[in-house]
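> What follows is each chain in one-letter form.
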Amino acid sequence: MTYTIASSKVGIIGEPFIVAEGVNVAALLEGGFIVEQSTPKPKKPAKTSTDINEEI
Amino acid sequence: MATSTYLSNPLVTVNSVDLTDQTSSANLTRVIEALESTSFGKTARVYVGGLENSTLTLTMYNSFAATETYATLAALVGTSTTVTIKPTSAATSATNPVSTLTGCYLETLPIINAALGALDTIDITFTGGVYSVATS
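Residue numbers (this note's numbering), protein chains in the order written: chain A, 1 to 56; chain B, 1 to 136.
Simulated from the structure, these hints should not be mistaken for laboratory data. Take these hints with a grain of salt, some might be off.
Stated by the list, open to error - Just the calculated beta-carbon pair ranges, DEER-fashion: (1) B:Ala114 with A:Glu15: 24 to 30 angstroms; (2) A:Val35 with B:Ile32: 36 to 42 angstroms; (3) B:Tyr61 with A:Gly14: 33 to 39 angstroms; (4) B:Thr59 with A:Ser38: 35 to 41 angstroms; (5) A:Val25 with B:Glu107: 31 to 37 angstroms; (6) A:Glu21 with B:Ala2: 52 to 58 angstroms; (7) A:Val35 with B:Thr79: 28 to 34 angstroms.
Cβ atoms here follow ideal geometry from the backbone N, Cα and C, with glycine treated the same way.
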C-alpha cells in the first residue's frame with residue numbers, strides 16, 4: 001500500500017509518504033494527514049478479433 | 001571560559017506529524033531501569049541496568065482544528081508510535097542531533113483542560129520505546 005501526503009504537517013502535499021518504523025499509519029489516515037494512493041490497474045490488452053473459421 | 005546562550009526551540013514530531021508550533025515544553029528523559037544486585041557482604045547498594053523505559057513529556061496547546069493537536073493524538077491513545085525531537089529546526093548534525101523514541105506508548109490523552117481566560121493546554125507523556133540518536 002502506498003500513501004500520499006495530504007497535510008503540510010507531514011511533508012510536501014502530494015508527495016509520496018514514506019512510512020518510517022513505528023509510525024501509526026491508521027492514525028495518520030484517520031486524522032487526514034495522508035491518503036491512500038490507489039494503485040492503477042494494469043490496462044487490459046486490446047481485444048483482437050481472430051477468425052476462428054480460418055482454414056488451415 | 002566561553003559561555004553560550006541556548007534558546008530552546010526544538011523541533012517536535014509525533015507520529016511523523018510536525019507539532020512544533022503547538023508545543024511549548026518538551027522533556028525527553030532517557031531511563032534505564034535500575035535492578036538492585038546488592039549481595040551479602042556489600043556495604044553499599046549496587047545496581048545493574050535493566051530494561052530501557054525512556055519518556056517524552058510534551059506540553060501542547062490543544063487545537064481541534066483539522067490536522068492539529070487533537071487530530072494527531074486522538075487515534076494514538078492506547079497505541080505505540082514514533083516521536084522525534086531535536087534541539088533546533090536546523091539540519092540534523094552532530095551539534096543538532098535528532099532523538100527518536102520508536103514504539104513508545106501513549107497511555108492518556110487529556111481531551112479538555114479548560115480554564116476561564118486561559119488557553120487550553122495539555123500534557124502528554126510517551127513512555128517506553130527504543131531510544132536512538134542520529135547526527136546525519
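> Indicate, hint by hint, whether the structure satisfies it.
Evaluated hints:
Distance hint check for B:Ala114 and A:Glu15: the Cβ-Cβ separation is about 37 angstroms, which falls outside the suggested range of 24 to 30 angstroms. Evaluation of the 36 to 42 angstroms hint for A:Val35 and B:Ile32 yields a pass: the beta carbon distance comes to about 40 angstroms. At about 28 angstroms, the beta-carbon gap between B:Tyr61 and A:Gly14 misses the expected band of 33 to 39 angstroms. At about 39 angstroms, the beta-carbon gap between B:Thr59 and A:Ser38 stays in the expected band of 35 to 41 angstroms.
Between A:Val25 and B:Glu107 the beta carbon distance is about 21 angstroms. The supplied range of 31 to 37 angstroms is therefore violated. Between A:Glu21 and B:Ala2 the beta carbon distance is about 39 angstroms. The supplied range of 52 to 58 angstroms is therefore violated. Remark: the range hint 28 to 34 angstroms for A:Val35 to B:Thr79 is contradicted by a beta-carbon distance near 20 angstroms.
Hints 1, 3, 5, 6 and 7 from the earlier list are contradicted by this structure; the remaining hints agree with it.
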